[in-house]
Amino acid sequence: MKAIGGAEGIGIGKAYIYQKSEINIEKYKTDNFLEEIDKLKKAQEKSKKEIEILYMKALSDVGEEESQIFKAHGMILEDPEFIDRIQKKIKDERVCASWALDSVSKDFIAMFESMDNEYMKERATDIKDVSSNLQRNILNIKTNDISLMEKGVIIIAKDLSPSDTILLDKNKVEGFIVEKGGKTSHAAILARSLEMPAIVGANSIMNDISDGDIIAMDGAEGVYVINPSSNELDEFLENREKLIEEKNRLKHMIGKKTQSLDGYNVKVEGNIGSLDDLEKVIENDGEGIGLFRTEFLFMGRNAMPSEEEQFIVYREVAEKMMGKPVVIRTLDVGGDKDISYFEMPEEMNPFLGYRAIRFCLKEVEIFKVQLRALLRAGNYGNVKIMFPMISSMEELLEAKDILEEAKEELRRADIAFNENIEVGIMIEIPSAAIISDLLAKEVDFFSIGTNDLMQYTYAVDRMNDNISSLYTSYHPALLRLIKTVIDNGHKNGIKVAMCGQVAGEPRLIPVLLGMGLDEFSTSSSSILRTRDVINNNSKKDMLEFVEKLLELPSAVEVEKAIIKILN
Amino acid sequence: MKSVVIMDDNGLHARPASEVVNIASKHNGDVYLVKDGVKCNAKSIMMVMGLGILKGDKIDIIAEGEDKERMEIEIVEIINNTNNK
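Residue numbers (the numbering used here), protein chains in the order written: chain P, 1 to 567; chain Z, 1 to 85.
Mixed in with the good hints, there may be bad ones.
[Stated by the list, open to error] Calculated lysine-lysine pairs in the DSS-like style (CA-CA distance at most 27 Å, straight line):
#1 K71/P to K55/Z
#2 K48/P to K26/Z
#3 K128/P to K55/Z
#4 K320/P to K242/P
#5 K128/P to K39/Z
#6 K35/Z to K128/P
I should point out that these hints are in silico values taken from the structure, not numbers from a laboratory. Just so we're clear, the structure is a prediction, and the values are computed from it rather than from any experiment.
Make a model of the complete structure from these sequences and hints.
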């Protein structure tokens, strides 16, 4: 059966059907509204304590970020609008507390469920959770103790509230499958943090399953089998073993050197576009930041970020990376991004247009603000400046001149900065790749941006479904350009890095290693796997292979040859 | 009154919404968030979540009473911190 993957992992166990008992709400009238309001108050206090306990458990089981759900629950419990309305109902309509609560909750739940946005719809779950809790305390009903169950179970339920999920005993529960919900539901989010397999959106599973049935589930694929045959079971068991092995192997990569089988050291780094990304790179043992995209600082605002604002962010990244290299790319935006205060003209061909370094070279004052911030941050770590979209020597020299002007301004104002900050460029435009031997004399490093390099080289828009098959990392032209750039860089004594997607592709990493790439910068989630691949290949062997590879005429043949040699 | 645009992919979700409500609740005076002309009590998590503030939305922050400027600035900061993550 196929539903929606909620949290990855493979779970095998006995079905345990979890049904929440329906609470019967009786509506009765009473003139004694003060007593009812007091009942509500006492129930609030009880619930508050219970939610606090859930919060503490979440804090220790899944960490701060995810446990915030329970903080929000605590707030709903004390929400002035929510509580006021209930009290008002009790007083004005002379109804009992439990009915007033039920009625007001239903209104709020309906309001959230009617919203278009998935995320907002999920908030209805929060209100339901808190209301149930409150209701049980008003009516003095005991809860279904979800923690009372034997080992090796897979929980099957219509839905699991955050409270239910956090109470699941990881030692007893192999995973869960729920009928409702999507990827952003709390249950799925918590499952991911608990590292417990989960499947959501399994409509009608409650009908198909009985307590005690054997279930095998693949949380990543959203696939589950009820009472699998022994063949099916074997397959699941095998896959589970593989997943666990892979996970452990990757964890072992943390703290290891990135070194090929024949002893060549290279660096594996992370690409970031926000401070959140930074945390993940550090967690995954990135040896530096190969690409720090600065656009997020400029977006969603009414005015440009000041030099001070930018400096504070760049400094934070530099400091957190503790001496490891941080390559910061200067502003790379065009008319396609919404930066209203820059007044960029609408263009027919924004990707071939007035953007990135071209914009900066015209708007010198704007450019200098960023450069000054980068120069100053250069004193707090190993910061390097990188210019995007360089297509000619003229642009590079002009950019360097402006950088010198920025340095002079800081000198005159007696503001400290790194005089010897390294400066490099992205090689993402074919013309730059072709004259890379000349450009190499003017910079401290190259970083190959394969995403755009591929588009410009093959004249293909990767977003265009009609031609997306032409956008391939195995094109001989790309490989030849990469080799040329690396060779030219090395001839002139500079290091060559890569920050495009290709740097993290397991089949191409050995090829790049063979070509002599010095630094591989990928998304944080690929860092460990990239190191793993590099450490399991020999650079010399791959170099030999590469010489032959570059003679092949088509992407199809290149791919075939690579698959063959890697097996 | 201050205005701010939400940039976080998740809009004003549980964590920052909670922070905003937390701090607004400490204020000695009314605090409102306004989105598309709809005004809500910033001390109520339900009302704030009920506004359904998403990425790209511009909201106004209005505080009244003593130290209202300070309260408005603090709320803007919470949102900017989330935006810049």
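Structure-based check of each hint:
Using a Cα cut-off of 27 Å, the hinted pair K71/P and K55/Z holds, with the two alpha carbons roughly 22 Å apart. Between K48/P and K26/Z, the direct Cα distance comes to roughly 19 Å. Compliance with the 27 Å bound is thereby established for this hinted pair. Among the hinted pairs, K128/P with K55/Z is consistent with the structure: their alpha-carbon atoms are about 25 Å apart, no more than 27 Å. Simply put, K320/P and K242/P have alpha-carbon atoms about 34 Å apart, too far for the 27 Å limit, and the pair is violated.
With a C-alpha separation of about 25 Å, the suggested pairing of K128/P with K39/Z holds against the 27 Å cut-off. Of the supplied pair hints, the one linking K35/Z and K128/P holds, its CA atoms being roughly 25 Å apart against a limit of 27 Å.
The structure shown violates just one earlier hint, number 4.
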